[in-house]
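> Sequence order for the protein chains is R and B.
If you use the working numbering, the first sequence corresponds to residues 77 to 341, in order.
If you use the working numbering, the second sequence corresponds to residues 44 to 315, in order.
Calculated from the structure, these hints are not laboratory results.
Note that the coordinates shown come from a computational prediction; the quantities given were computed from them, not determined experimentally.
Using N, Cα and C, we set each Cβ at its ideal position, and we do this for glycine too.
Hints may be right or wrong, so weigh each one.
Covered stretches of chain B (chain R as the covering partner; in silico rule of three or more C-beta atoms under 8 Å from a C-beta of chain R) [to be verified]:
| # | region |
| --- | --- |
| 1 | 50-60 |
| 2 | 69-76 |
| 3 | 97-106 |
| 4 | 197-203 |
| 5 | 207-214 |
| 6 | 258-269 |
| 7 | 287-293 |
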Amino acid sequence: MWFAAPAATLFLAFWLLPMAGLALIGAEIKDGQSAYLTVLTRSQYWISLFNTVALSLAATLATLLLSLPVGRFLAWHRDFPGRRLLMSLLMFPLAFPGVVVGFLIILLAGRQGVVGTLTKWLTGDPIVFAYGMGGLFLGYLYFSLPRCIGVIAAAAEQIDPSLLEAARTLGASPWRRFVDVELPALAPALIGAGAMSFATSMGAFGTAFTLATQIDVLPITIYNEFTNYANIPVAAALSIVLGLATWAVLYVAHSLAGARLGAAA
Amino acid sequence: MNASKTDTRLGLAVTLAVAAFLIGPVVLSVLAGLTKNYFVGLSSGLTLRWIEQVWSLYADTIWRSFAVALLTLAICTLVGVPTAWVLTLYRGRLARALEELLTLPVAVPGLASALALIVSWGTVRGLRGSIWFIVIGHVLFTLPFMVRAARASMQGADLGTLDEAAATLGASRTQRFLQIVVPNAAPGIVTGALTVLTLSIGEFNLTWLLHTPLTKTLPVGLADSYASMRLEVASAYTLVFLLMLVPLLVGLQWLARSDRPARVPTNRTLPS
Numbered sequence: 077m078w079f080a081a082p083a084a085t086l087f088l089a090f091w092l093l094p095m096a097g098l099a100l101i102g103a104e105i106k107d108g109q110s111a112y113l114t115v116l117t118r119s120q121y122w123i124s125l126f127n128t129v130a131l132s133l134a135a136t137l138a139t140l141l142l143s144l145p146v147g148r149f150l151a152w153h154r155d156f157p158g159r160r161l162l163m164s165l166l167m168f169p170l171a172f173p174g175v176v177v178g179f180l181i182i183l184l185a186g187r188q189g190v191v192g193t194l195t196k197w198l199t200g201d202p203i204v205f206a207y208g209m210g211g212l213f214l215g216y217l218y219f220s221l222p223r224c225i226g227v228i229a230a231a232a233e234q235i236d237p238s239l240l241e242a243a244r245t246l247g248a249s250p251w252r253r254f255v256d257v258e259l260p261a262l263a264p265a266l267i268g269a270g271a272m273s274f275a276t277s278m279g280a281f282g283t284a285f286t287l288a289t290q291i292d293v294l295p296i297t298i299y300n301e302f303t304n305y306a307n308i309p310v311a312a313a314l315s316i317v318l319g320l321a322t323w324a325v326l327y328v329a330h331s332l333a334g335a336r337l338g339a340a341a
Numbered sequence: 044m045n046a047s048k049t050d051t052r053l054g055l056a057v058t059l060a061v062a063a064f065l066i067g068p069v070v071l072s073v074l075a076g077l078t079k080n081y082f083v084g085l086s087s088g089l090t091l092r093w094i095e096q097v098w099s100l101y102a103d104t105i106w107r108s109f110a111v112a113l114l115t116l117a118i119c120t121l122v123g124v125p126t127a128w129v130l131t132l133y134r135g136r137l138a139r140a141l142e143e144l145l146t147l148p149v150a151v152p153g154l155a156s157a158l159a160l161i162v163s164w165g166t167v168r169g170l171r172g173s174i175w176f177i178v179i180g181h182v183l184f185t186l187p188f189m190v191r192a193a194r195a196s197m198q199g200a201d202l203g204t205l206d207e208a209a210a211t212l213g214a215s216r217t218q219r220f221l222q223i224v225v226p227n228a229a230p231g232i233v234t235g236a237l238t239v240l241t242l243s244i245g246e247f248n249l250t251w252l253l254h255t256p257l258t259k260t261l262p263v264g265l266a267d268s269y270a271s272m273r274l275e276v277a278s279a280y281t282l283v284f285l286l287m288l289v290p291l292l293v294g295l296q297w298l299a300r301s302d303r304p305a306r307v308p309t310n311r312t313l314p315s
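Isolated chain R (complex conformation) (with noise of 0.2 Å):
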């Protein structure tokens, strides 16, 4: 066991104890009142949160929609002229960073984007959405889309095709075999798939970061509330909120995917 005592030592120290730190800090008394009862009273904190969970729920569901056919197709198409090709391209943004990201969302719907120039010759008027909560959706979604497409194509990959097959001579209509047979089996991949997503969503500083640094999500509000108003203790408190609110989110969906693969087994 004594192999693991470097690891076990840099996290107590760099990473367990100052979070706790951290969490002490959020209760400190200021301003008559610790910062956690500040950051449950004051409207103005739950407003970002509620922003926060529903952009990023919207990016979550807008991703899986979007990688079921993608990973789907990979799984049942193997061998095609172009396929690694096509597989690389889909894979190479897994490693951009969230503020690269941002940058890219600009490209396409930012002052100078393709969207604003397009609209702008077809209407006169140029359509540009970056920097709000429209670019924040569309960033959330690129982020994702890698790394669900990866997840659902290898799950859809170990569907059985004679499942598939039985359920086809018994007579099911291609839908009824996607309900019945596909989703249930997919289902595990789609909630990890998705509370990754989700939790990434969340935590999701530099894409917010590049877009604009008024736009009202929790990481962004975390930041102000740091650097510009070196109010640590609110700013702590935000952070264990944000925290342990991913934590949760991942932990339920990791147990509720190791319950659906235990059902299937």
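With the hints as your guide, set chain B onto chain R.
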């Protein structure tokens, strides 16, 4: 296989649309970084002027990112590979708890981890202003990926039996680890290493709070250029960043393919 015609067509259409959405902006960025005047368009001609400007303005951030990534990799390897071996050998409560705990810095938003580090260690003299502060953050964030990749290799190779055999022949624990475990887990360790480098070079969420004006890394410089430079320079800088990623990603794909030839070559190990 079972796919109906409409199913296939719909799948292909969505796949191509998604690929266009993912790659289109990258192409735009590359073009913008090489165009004399992006607002005028490609007709203004191509140039390497913006790349040169990026080099003169930001070369230090590029070298620093390399240094941070290599230091992070060194620590992750030294600390992560032995941990992976422990987690392969012991499947008890304690080992599983350690594994869960180590992944927390990935699950919890980087902003929170960075704030915690600053609050606890930010006052230590000489640390806050050095790149070691950033390296510490990167190690926390990338370590789980090294552990996971190394462990996957160790589990596949039935190393437990080999290890026991060597133990009965009198080899010491350290000897066994260095001469049996590490060579057999090499593919996983290399995959883990490439993942660590890729993640460290692109890390922003932690680094933005951990950096000082004298310890800017590449992504920090990128954010800076997005906010204050003309579009062409920002694009050229992004292009430099992409060029740094390509060899790492090609290596990862190649490893994934040689490992499991029939499977989808995804880098599922890569997170946020």
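> Within the region 197-203 of chain B, is the number of residues with a Cβ closer than 8 Å to a Cβ of chain R three or more?
Violated: only 0 residues of the region 197-203 of chain B have a Cβ under 8 Å from chain R.
> Report holds or violated for chain R covering the region 97-106 of chain B, Cβ cut-off 8 Å, minimum 3 residues.
Check failed, 0 qualifying residues.
> Establish whether the coverage given for the region 50-60 of chain B by chain R is satisfied; the threshold is a Cβ-Cβ distance below 8 Å, and no fewer than three residues must meet it.
Per the Cβ count (7), the hint holds.
> At a Cβ distance under 8 Å, does chain R reach at least three residues of the region 287-293 of chain B?
Satisfied; 3 residues make the cut.
> At a Cβ distance under 8 Å, does chain R reach at least three residues of the region 207-214 of chain B?
Contact hint for the region 207-214 of chain B vs chain R: violated, 0 residues under 8 Å.
> Has the region 258-269 of chain B got at least three residues whose CB is nearer than 8 Å to a CB belonging to chain R?
holds (count 4)
> Do three or more residues of the region 69-76 of chain B come closer than 8 Å to chain R, measuring C-beta to C-beta?
holds (count 4)
In the structure shown, a violation is registered for the earlier hints numbered 3, 4, 5, in ascending order.
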